[in-house]
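Visitor: Dock chain B against the given chain A, drawing on the hints supplied.
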Amino acid sequence: MHRYILKRLLLVVPTMLSVIILVFTIMAVTPGDPGRMILGSSAPQSAVDALNREFGLHEPFLTRLGKYLWNVLTRFDFGESWRTRQSVFKEIKVRFPITLRLSVLAIMGQVLIGIPLGIIAAVKQYSTTDFFATVFAMMMGAVPGFWLGLMLMLLFGVKLALLPTAGLSTAAHYVLPVLTMALPGGSGLLKITRSTMLDCIRQDYVRTARAKGAAEKAVILHHALRNALLPIVTVVGINFAFSLGGSVVIENVFSIPGIGAILVDSIKKKDVPQVMAIVIIFSVTYCLVMVLLDIVYALLDPRVKAQYAEAGKRKAKVKTA
Amino acid sequence: MTRVEAIKPKRRKKQSQIALVWHQYKKSKTAMFGLGVLSVFVLLAVFAGFFASPESVIATNQKARFIPPSWGRGPHIFGTDEYGRDVFARIIYGSRVSLSIGIISTSCAAVIGGLLGAAAAYYGGTVDSIVMRFMDVISSIPQILLAMAVVAALGANMTNLLIALTVSSIATYARLVRSTVLTLVEQDFIEAARACGSSDLRIIVKHIIPNSLSPIICQMAFSSSRMILTAASMSYLGLGIQPPNPEWGSMLASAKTYMWTYPYLITVPGVCIVLAALSITLIGDGIRDAVDPRLKD
Numbered sequence: 125m126h127r128y129i130l131k132r133l134l135l136v137v138p139t140m141l142s143v144i145i146l147v148f149t150i151m152a153v154t155p156g157d158p159g160r161m162i163l164g165s166s167a168p169q170s171a172v173d174a175l176n177r178e179f180g181l182h183e184p185f186l187t188r189l190g191k192y193l194w195n196v197l198t199r200f201d202f203g204e205s206w207r208t209r210q211s212v213f214k215e216i217k218v219r220f221p222i223t224l225r226l227s228v229l230a231i232m233g234q235v236l237i238g239i240p241l242g243i244i245a246a247v248k249q250y251s252t253t254d255f256f257a258t259v260f261a262m263m264m265g266a267v268p269g270f271w272l273g274l275m276l277m278l279l280f281g282v283k284l285a286l287l288p289t290a291g292l293s294t295a296a297h298y299v300l301p302v303l304t305m306a307l308p309g310g311s312g313l314l315k316i317t318r319s320t321m322l323d324c325i326r327q328d329y330v331r332t333a334r335a336k337g338a339a340e341k342a343v344i345l346h347h348a349l350r351n352a353l354l355p356i357v358t359v360v361g362i363n364f365a366f367s368l369g370g371s372v373v374i375e376n377v378f379s380i381p382g383i384g385a386i387l388v389d390s391i392k393k394k395d396v397p398q399v400m401a402i403v404i405i406f407s408v409t410y411c412l413v414m415v416l417l418d419i420v421y422a423l424l425d426p427r428v429k430a431q432y433a434e435a436g437k438r439k440a441k442v443k444t445a
Numbered sequence: 593m594t595r596v597e598a599i600k601p602k603r604r605k606k607q608s609q610i611a612l613v614w615h616q617y618k619k620s621k622t623a624m625f626g627l628g629v630l631s632v633f634v635l636l637a638v639f640a641g642f643f644a645s646p647e648s649v650i651a652t653n654q655k656a657r658f659i660p661p662s663w664g665r666g667p668h669i670f671g672t673d674e675y676g677r678d679v680f681a682r683i684i685y686g687s688r689v690s691l692s693i694g695i696i697s698t699s700c701a702a703v704i705g706g707l708l709g710a711a712a713a714y715y716g717g718t719v720d721s722i723v724m725r726f727m728d729v730i731s732s733i734p735q736i737l738l739a740m741a742v743v744a745a746l747g748a749n750m751t752n753l754l755i756a757l758t759v760s761s762i763a764t765y766a767r768l769v770r771s772t773v774l775t776l777v778e779q780d781f782i783e784a785a786r787a788c789g790s791s792d793l794r795i796i797v798k799h800i801i802p803n804s805l806s807p808i809i810c811q812m813a814f815s816s817s818r819m820i821l822t823a824a825s826m827s828y829l830g831l832g833i834q835p836p837n838p839e840w841g842s843m844l845a846s847a848k849t850y851m852w853t854y855p856y857l858i859t860v861p862g863v864c865i866v867l868a869a870l871s872i873t874l875i876g877d878g879i880r881d882a883v884d885p886r887l888k889d
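Here the protein sequences come in this chain order: A and B.
Just add 124 to wherever you are in the first sequence, counting from 1, and you've got my numbering.
Just add 592 to wherever you are in the second sequence, counting from 1, and you've got my numbering.
One chain only, chain A, in its complex shape:
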């Protein structure tokens, strides 16, 4: 099992290298004049050219890519932002934890909303609860996150004047952004929980458990839910990746000093090193979550675990032979 985890972690490295090359290429082969963007349209052409030279833009693409990769791999140096002339990590260090915290809270909210409602909807199929849960899931799936945020602000911040709507200074400030991120994702989780639970409840082993006289609660939670968990966990993982990306928009709505604001700003100003660093940090997080997901699979499903154990044994045998 440890070997498997290590292998999965090592596989992240080539993926990250490809992500770096891909994003660098996208940023490099396309038109745009960073020097002009920073200095403004009234600056003299000579100053713009000098600045572009300073950024190394006069060098051929492969040289630039090679230098970037070299710096990243040997010195873990992602360069400095073209706008602020400071290390790209200076701002990321302060802002990324905020974004991460928001996403983690949002995922917890999604799990708390989606899974219990999904189980209830499945257990009481065609009941009023099921109807409302399904309609809620359908509506929330079609709501753009930022608009939901605006509407919640309007309702709780203005009409009811219960909650603050901008910034993150107190715990109450977290309620609306987290709710905004948790509701749409939670609806997806609700749908998948409901449909997999409906499948599992009809299985023979659930009937067997009932026939043995197990309590209804135990039947649902231990026999049905345990088997329905794999697809649910998958959706939780995918939703986490989505909420990292989505937080960029939500942060804008609630004026949260997360990573979203500098990302949008750097994109508009074509600040390549800053955009690269942010995209890379998001992708690393995403890949690590996927590795975690695979490990959770193995922990949850004895079949998956056995598969790895067997593969390990087979390899060991080949080696000794």
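One or more hints might be untrue.
Stated by the list, open to error - Covered, in the sense of this in silico footprint (three residues per stretch, anywhere, with C-beta under 8 Å from a C-beta of chain B), are these stretches of chain A:
#: 1; region: 267–280
#: 2; region: 369–376
Claimed, not checked - Derived lysine to aspartate or glutamate pairs resembling DMTMM-like cross-links, with alpha carbons at most 25 Å apart:
#: 3; chain 1: A; residue 1: K341; chain 2: A; residue 2: D328
#: 4; chain 1: A; residue 1: K315; chain 2: B; residue 2: D884
#: 5; chain 1: A; residue 1: K283; chain 2: B; residue 2: E674
#: 6; chain 1: A; residue 1: K315; chain 2: B; residue 2: D877
#: 7; chain 1: B; residue 1: K618; chain 2: A; residue 2: D254
#: 8; chain 1: A; residue 1: K393; chain 2: A; residue 2: E204
#: 9; chain 1: B; residue 1: K848; chain 2: B; residue 2: E674
#: 10; chain 1: A; residue 1: K214; chain 2: A; residue 2: D389
#: 11; chain 1: B; residue 1: K621; chain 2: A; residue 2: D254
#: 12; chain 1: B; residue 1: K619; chain 2: A; residue 2: D323
#: 13; chain 1: A; residue 1: K131; chain 2: B; residue 2: D728
Stated by the list, open to error - Partner residues aside, some chain B positions facing chain A, computed with beta carbon under 7 Å:
#: 14; residue: I736
#: 15; residue: A741
#: 16; residue: W852
#: 17; residue: G862
#: 18; residue: L870
Hints are computed from structural coordinates only; laboratory data are not their basis.
Cβ atoms here follow ideal geometry from the backbone N, Cα and C, with glycine treated the same way.
Guide: Just chain B, lined up with the frame of chain A:
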């Protein structure tokens, strides 16, 4: 004479697959609701010229700022915005943008991703691993971030937004088509067709394409509603359609400043986004249920 008739095989009316699916689709009320709502949007988008001229949705009119919605008992059904432009006219012109973004980016992604996936499945080996590893790389960047990076590189306008959205969802289709084709090729009826002497072309056109179409169409319905939402988010951040062009997301962005005093400016475009995305999702659900052989009577 009677004997001849008896021997003659009874001609069964051959129904096309589309007719069968439609027969099944009609039974679902929610799916029909989705189709109805989407038709209204499409009609409004197509005939937008009858309601307002393209110039009037951009031209400002300082005298008519912030007229509240009349809800049908006056000239401005949804009121006017901060530049005195009619919100209803901007909504219907915005529906042109949103719907075409949804349709075009989804079709492009489906065609490109589908071809890549089919090639991967057909050639196998090296081609398969190269294409699929590349798709893994693309999908290890969160979709909205990839779209943002593309827009960052190309600049913010409608064409680039379309490219960004297309690129960021190619991987889904490549995977879907690859797995569908791989499972189909193994099926007995393909083997049977080959045994009957069907050519490769006939197998592809008559068997593989019709059978792999339904999962792709369902996926297209879901992703076009996602595309509409993503496009609105991008425009909201200022990375998509630029003001003063009418687009639901950028209308929301400019209305945010006035939302406390004129809440209708954010409710109306938002409700439109929700209705458009919801109706397409419902249609997708309807098609999925209609093509599901387990649900056939």
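Visitor: Hint by hint, say whether it matches the structure.
Guide: Each hint, compared with the structure:
1. With 9 residues bearing a CB less than 8 Å from a CB of chain B, the region 267–280 of chain A meets the requirement of three and the coverage assertion stands.
2. Check on the region 369–376 of chain A: 5 of its residues sit with their Cβ under 8 Å from a Cβ of chain B, so the three-residue criterion for coverage holds.
3. Restraint check for K341(A) and D328(A): satisfied, since their Cα atoms lie roughly 17 Å apart, inside the 25 Å limit.
4. Taking the CA atoms of K315(A) and D884(B), the gap is near 18 Å; set against the 25 Å cutoff, the hint holds.
5. Of the pairs offered as hints, the one joining K283(A) and E674(B) holds, with about 22 Å between alpha carbons and a cut-off of 25 Å not exceeded.
6. For the hint pairing K315(A) with D877(B), the CA-to-CA distance comes to about 12 Å; that is within 25 Å, so the pair holds.
7. For the hint pairing K618(B) with D254(A), the CA-to-CA distance comes to about 23 Å; that is within 25 Å, so the pair holds.
8. Straight-line distance between C-alpha atoms of K393(A) and E204(A) comes to about 14 Å, which keeps the hinted pair within the 25 Å bound.
9. At roughly 11 Å between alpha-carbon atoms, K848(B) and E674(B) fall within 25 Å of each other, so this suggested pair holds.
10. Only pairs whose Cα atoms come within 25 Å are accepted, and K214(A) paired with D389(A) is accepted, the gap being roughly 16 Å.
11. Taking the CA atoms of K621(B) and D254(A), the gap is about 17 Å. The hint holds against a cut of 25 Å.
12. In summary, the hint linking K619(B) to D323(A) is supported, as the alpha carbons are separated by about 23 Å, within the 25 Å threshold.
13. For the hint pairing K131(A) with D728(B), the CA-to-CA distance comes to about 17 Å; that is within 25 Å, so the pair holds.
14. The criterion of a C-beta within 7 Å of any C-beta in chain A is met by I736(B), whose closest approach is roughly 4 Å, and the hint holds.
15. The beta carbon of A741(B) comes within 6 Å of a beta carbon in chain A, closer than 7 Å, and the hint placing it at the interface holds.
16. A cut of 7 Å between beta carbons decides the hint on W852(B): the least distance to chain A is about 6 Å, and the hint holds.
17. For G862(B), the interface hint holds, since its Cβ comes within 7 Å of a Cβ in chain A; the closest pair sits about 4 Å apart.
18. A distance limit of 7 Å between C-beta atoms decides the matter here; for L870(B) the minimum to chain A is near 4 Å, and the interface restraint holds.
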